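Asks: Chain by chain, the residues:
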Amino acid sequence: MATTGRSNGSTHPGEAVGLSDADLLEMYRLVALARAIDERMWILNRAGRIPFVISGQGHEGAQVGIAWALRRRHDWVAPFYRSIATCLTFGMSARDLMLAQYAKATDPSSGGRQMPGHYGHVDHHLVSVSSPVATQMLHAVGIALAAKIRGTDQVAMTMMGEGSSNQGEVHEALNFAAIHRLPFVLVVENNGYAISVPFARQVSVPDVAMRARGYGIPGVVVDGADVLACFAASSAAVDRARSGGGPTLIEAKVTRLTAHSSDDQQTKYRSEEELAAERALDALPRFRAQLVEAGVLTEASEARQAEEIRAVVDDATDFAEAQPDPTAESGAWWVYAGDGPDDWVAPWREDSR
Amino acid sequence: MAVRTFIEAIRETLASEMRRDPSVIVLGEDVGKKGGVFLATDGLWAEFGDDRVIDTPLTEAQIVGTAIGASINGLRPVAEIQFADFIFPAMNQIVSEAARMRYRTNNSLGCPIVIRAPYGGGVHGALYHSQSVEAFFAHVPGLKVIVPSTPRDAAGLLRTAIRDEDPVLYFEHKKMYRSVRGDVPDGDHVTPLGRAFISHPGSQVTVVSYGLMAHYALEAADRAAEEGISVEVVDLRTLRPLDTETLLGSVRKTGKCLVVYEDNRFLGYGAEIAAIVADQAFDYLDGPVSRVAGPDVPGVPYNHVLEDWFMVSPEKILDGIRALAAY
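In order, the protein sequence lines correspond to chains A and B.
Numbering-wise, the first sequence is residues 1 to 353 according to the numbering used here.
Numbering-wise, the second sequence is residues 1 to 327 according to the numbering used here.
Simulated from the structure, these hints should not be mistaken for lab results.
Treat the hints with caution; some may be incorrect.
Restraint-style ranges between C-beta atoms, simulated for each label pair [to be verified]:
1) L306/B <-> A328/A: 47 to 55 Å
2) F266/B <-> T267/A: 41 to 49 Å
3) T244/B <-> P132/A: 31 to 39 Å
4) R201/A <-> S313/B: 24 to 32 Å
5) Y302/B <-> T267/A: 53 to 61 Å
6) G168/A <-> P241/B: 41 to 49 Å
7) D123/A <-> K316/B: 38 to 46 Å
Which bits of chain A does chain B cover? Going by a derived footprint, with three or more residues having C-beta under 8 Å, they are [claimed, not checked]:
8) 79-87
9) 135-142
Please read all numbers here as calculations on a predicted model, not as lab measurements.
Where is the CB? At the ideal position from N, CA and C, for every residue including glycine.
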């Protein structure tokens, strides 16, 4: 098992990992945008506008760093319900994500059929999220199998929490992917809790990544608050996968800054001291400080970006809220192919606008 | 037209679809060099190689979950579950994932996979090699369920299933693999889903069945004819979508309906047939909608006395026909 080092603090922090300053600014924008959308979701929930929120706060830095290593609209990602920043990085817009919160007819994830947080967008090669955990991993492995058989040069990646990593299907999937050396990467975003159950009661070893040895594949632990280290670990895994080297397990140690969901009260099982300490593990301020120190992010550019993000989130909220609900009759559509109107075109498809 | 056994019809259809469409792959336990424990995939590995005929570990959830993923990325997988009894580890992938993919993505992603599995008793297979599982899956919107009874339909329905855009479960009664023979049309023979077949026309009692029981129903119908009872046998072929038109047309003609299935009686597939007939053909009925089905014990027991006790037989069906005809 390898542990990637923390990215160094040189003047050009992206240099060592092959990222330009423009890349870094865009990555920072995605981390900050994901956080802003997430915070807006909670406000809307508390204001009674949307009934349910499941959050990615604390995971965003790892998600952006890891997804940045993939090729958009070429590779595939099977995400999970905390993957807000992953979905943004892979091409979904703030409007797309907010439509899922409001469950509107034009919601590209499910047309308002799934609970908020169950993202997906086939045009962006994001597989639909379901609620049973870890099932998506086998879909990503199947996508990787098809990529290998068809010779498409694609990589498939899946993300899940460390809680999900205990499901039996994770063993089945890693074993199969390793046997066939599939172009596949498993990302475990370890935030230390499966709802209320702490890591020590879920996993018998210090790191989920240690399990990779049992499949003869690399297992990498990375600091999930270090965006560039996450990118470096992901790049290495993606390159290995694409060049026929087989799968990798990346475990990003992240933090969960919110309760499990809007229906959970985490102070019941986590102390105030613990929650305060967890704040120090947040990637957002750390990435910001790193970029400010390197002169990549200036006071002016940060202010401009913050203004832009505020506008994007406002626009997404207003847009989603104004979109129509699905019609009652459409509830019967698409159980099978051909079940809907003949002239129906997915309303979020670019060619439908 | 050529005479084929039931399993030959399946094997040759798999091979012809794989020749026609390079995106069709087969995966499952022992499907490769060995050709499957029943030899349903015999010869495919030699013709199509490792990439398209994949021996999997003993991991049913993986077989189905990987098939779902491969279908998302452009393949048409035909997954084999070695025995229907072992399909339950894949239940979550089939019911929560495959069946819902199209619905939950509002038609942006389909799931064109076929899951083949041998089912059924009467082969000394005991509790874990004899089960009928069709009711679990026919209950689920988003799945299609096929139970063919003849080589002709085995070929035509499998071909249609592989070309279908949605997940299909295809159950093969293992006792029929080598005991049932029949004509299979040459070439690109397809049978549409959702069409039942009247395999024995008659006027006094309708017997509704599928799979091996469709054969036993025919035997019972012939013997009933000797007693002067005219029986019409409806072979459903596809359980979901169900051909209610043919079903109700027959019952409205005969006024009597006997549903025959090998599965446990309570909440078996035939219970839904009985409900539909009671609901939509009530005015035509001259007797109670009746069932001949397996007893409500957790599995088919092994000892031959016990297995015979469990299994629906032509005699038991004939008893049901006599009782219903007496009304």
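Asks: Could you run down the list of hints and mark each one as holding or not?
Replies: Consistency of the hints with the structure:
1. L306/B <-> A328/A: 47 to 55 Å: Hint holds: Cβ distance 52 Å, inside 47 to 55 Å.
2. F266/B <-> T267/A: 41 to 49 Å: holds, 48 Å
3. T244/B <-> P132/A: 31 to 39 Å: holds, 32 Å
4. R201/A <-> S313/B: 24 to 32 Å: Cβ of R201/A to Cβ of S313/B: about 54 Å, so the range 24 to 32 Å is violated.
5. Y302/B <-> T267/A: 53 to 61 Å: holds, 57 Å
6. G168/A <-> P241/B: 41 to 49 Å: With Cβ atoms ~33 Å apart, the hint is violated.
7. D123/A <-> K316/B: 38 to 46 Å: About 56 Å separates the Cβ atoms of D123/A and K316/B, which means 38 to 46 Å is violated.
8. 79-87: Check failed, 0 qualifying residues.
9. 135-142: Holds, because 7 residues of the stretch 135-142 of chain A bring their Cβ atoms closer than 8 Å to Cβ atoms of chain B.
Checked against the numbered hints given earlier, this structure breaks hints 4, 6, 7, 8; the rest are met.
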